[in-house]
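J.: Keeping their order, the protein sequence lines are chains A and B. Residue numbers for the first sequence follow our numbering, beginning at 1 and rising by one. Residue numbers for the second sequence follow our numbering, beginning at 1001 and rising by one.
It is worth saying that the hints were derived from the structure and are not from the lab. Mixed in with the good hints, there may be bad ones.
Facing chain A, from chain B, some residues (calculated, C-beta under 7 Å) [what the hints assert, rightly or not]:
1) Leu1170
2) Gln1204
3) His1205
4) Ser1237
5) Thr1239
Selected chain A positions facing chain B (in silico; Cβ < 10 Å) [as the list claims (entries may be wrong)]:
6) Glu6
7) Ile9
8) Trp10
9) Val11
10) Gly14
11) Trp50
12) Arg53
13) Pro55
14) Thr57
15) Arg75
16) Tyr81
17) Asp82
18) Gln85
All C-beta atoms, glycine included, are put in the ideal place defined by N, C-alpha and C.
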Amino acid sequence: MKRSREPIIWVLFGGGGMASALFLPVLILVLFIALPLGWVQSAPIDDLQWLVRHPLTRLGLIVFVMLCLFHWAHRFRYTLYDGLQLSHLNEVIAVLTYGMAMVGTVVGAYLIWGVG
Amino acid sequence: MSETLTVPETVILEVFRYRPEVESEPTFDSFEVPFHPEWMILDALNYIKDDLDGSLSYRWACRMGVCGSCGMLANGQPVLTCATYLESLLPGPIRIEPLEGFPVIRDLVGDIGDFMNKLSDVKAWLIRDEEKPVEDGEYLQTPSQLDDYKQYSMCINCMLCYSACPVYRLEPEFIGPAAIALAQRYNLDSRDEGAEERMDVLSQHDGIWGCTLVGECTEVCPKGVDPAGAIQRYKVSATMDYFKSLLMPRSSS
Ligand code: SF4
């Protein structure tokens, strides 16, 4: 009997859920609230750039962006599929949502690699 | 405050009726029944059947939350009618309908054939490669091995979870909460050897992957089975199984 290939998507979805729940709030809090408001002392900008320039940081960030996007794609796919009852468009929706996640990942990777 | 203290003399039940030989479309009949604080919805239905309209059809048996046959919608919520106080639904009228997702045969009685078939699709029973002879004694199990599956074995097949599941209502092919929880009940049983066979059915799209983790099944389950949790656990094992078979194609089917 043919088994579904869903596990691949589900791992990306689950990983994305975990990653975004754990890291996204921290990143937003630190980078966009705490630092601009001066709640914490900023590391010298050079240090931050050094951190972002490190290949492992870049790779981590790219994986993080990818997981978040696939998490979104999977949710959005089922929102359209069940929520709007578009199950007859299953293939189109899957290609569009996961496709957008892939494109987003590539764009993200390009931007992240361009930093610094 | 004073309102909640007044005990009504009677309460109105609006009961879903469908008698194929009488009406072509379902309708609602209103019945006024005496209110007693100790009455369950089922007591009110039995009062209707005994004293007001003997033609009302519905399923029930044990009156104590173990037979799983009296599940209905009360004001739109899937409940066991033998375990839901009339009082909890005051002031009324209280609307009683058959469980959603099952074609109505008559009044509050739905056709549950689909669920029965799914139970056999997932092989919800103990599977052994080889039965050992009776002389060799029982299959022993430690208390902690029992704990592994006990929660799932509490399922009484009431089908409230199916009625609550939006995926099942949209896609009746979905194997659904209780059948998956019951498959897990046997998979996690140390005496069972059927996990591989069940995986073939459960790892398809209409198996566990149909579930989008809405979680309503777990909300309505009167027995604390947590079918949503069972499905998530199964997704983890199916995923590990999948990647294992990718890495070692020959060792797995
Ligand atoms: S899992 Fe719970 S709600 Fe579903 S059939 Fe079993 S006892 Fe009923």
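J.: Does each hint hold? Answer for all of them.
T.: Okay, the hints, checked on the actual structure:
1. Residue-level restraint check for Leu1170(B) holds (minimum Cβ-Cβ distance to chain A is 6 Å; threshold 7 Å).
2. Using the Cβ-Cβ criterion of 7 Å, the hint placing Gln1204(B) at the interface with chain A is satisfied: the shortest such distance is roughly 5 Å.
3. For His1205(B), the interface hint holds, the least distance from its beta-carbon to any beta-carbon of chain A being 5 Å, beneath 7 Å.
4. This hint is violated: Ser1237(B) has a C-beta 10 Å from the nearest C-beta of chain A, more than the 7 Å allowed.
5. This hint holds: Thr1239(B) has a C-beta 4 Å from the nearest C-beta of chain A, less than the 7 Å allowed.
6. Interface restraint check: Glu6(A) against chain B, minimum CB-CB distance 4 Å, threshold 10 Å, status holds.
7. The restraint placing Ile9(A) at the interface with chain B holds, with a minimum CB-CB distance near 9 Å, inside the 10 Å limit.
8. At a threshold of 10 Å, the smallest CB-CB gap from Trp10(A) to chain B is about 6 Å, leaving the interface hint in force.
9. The interface hint given for Val11(A) holds, since its Cβ lies 6 Å from the closest Cβ of chain B, which is under the 10 Å cut-off.
10. Because the closest C-beta pair between Gly14(A) and chain B is about 8 Å apart, less than 10 Å, the hint holds.
11. The restraint placing Trp50(A) at the interface with chain B is violated, with a minimum CB-CB distance near 36 Å, outside the 10 Å limit.
12. Proximity of Arg53(A) to chain B is violated relative to the hint, the smallest CB-CB distance being about 33 Å (cut-off 10 Å).
13. Given hint, Pro55(A) at the interface with chain B, is violated; its Cβ is 27 Å from that chain's nearest Cβ, farther than 10 Å.
14. Because the closest C-beta pair between Thr57(A) and chain B is about 27 Å apart, greater than 10 Å, the hint is violated.
15. Hint status for Arg75(A): holds, given a least beta-carbon distance of 9 Å to chain B, under 10 Å.
16. For Tyr81(A), the interface hint holds, the least distance from its beta-carbon to any beta-carbon of chain B being 8 Å, beneath 10 Å.
17. With 10 Å as the threshold, the beta carbon of Asp82(A) comes within range of chain B, its nearest partner Cβ sitting at about 6 Å, so the hint holds.
18. For Gln85(A), the interface hint holds, the least distance from its beta-carbon to any beta-carbon of chain B being 7 Å, beneath 10 Å.
Hint violations for this structure: numbers 4, 11, 12, 13, 14, all remaining hints satisfied.
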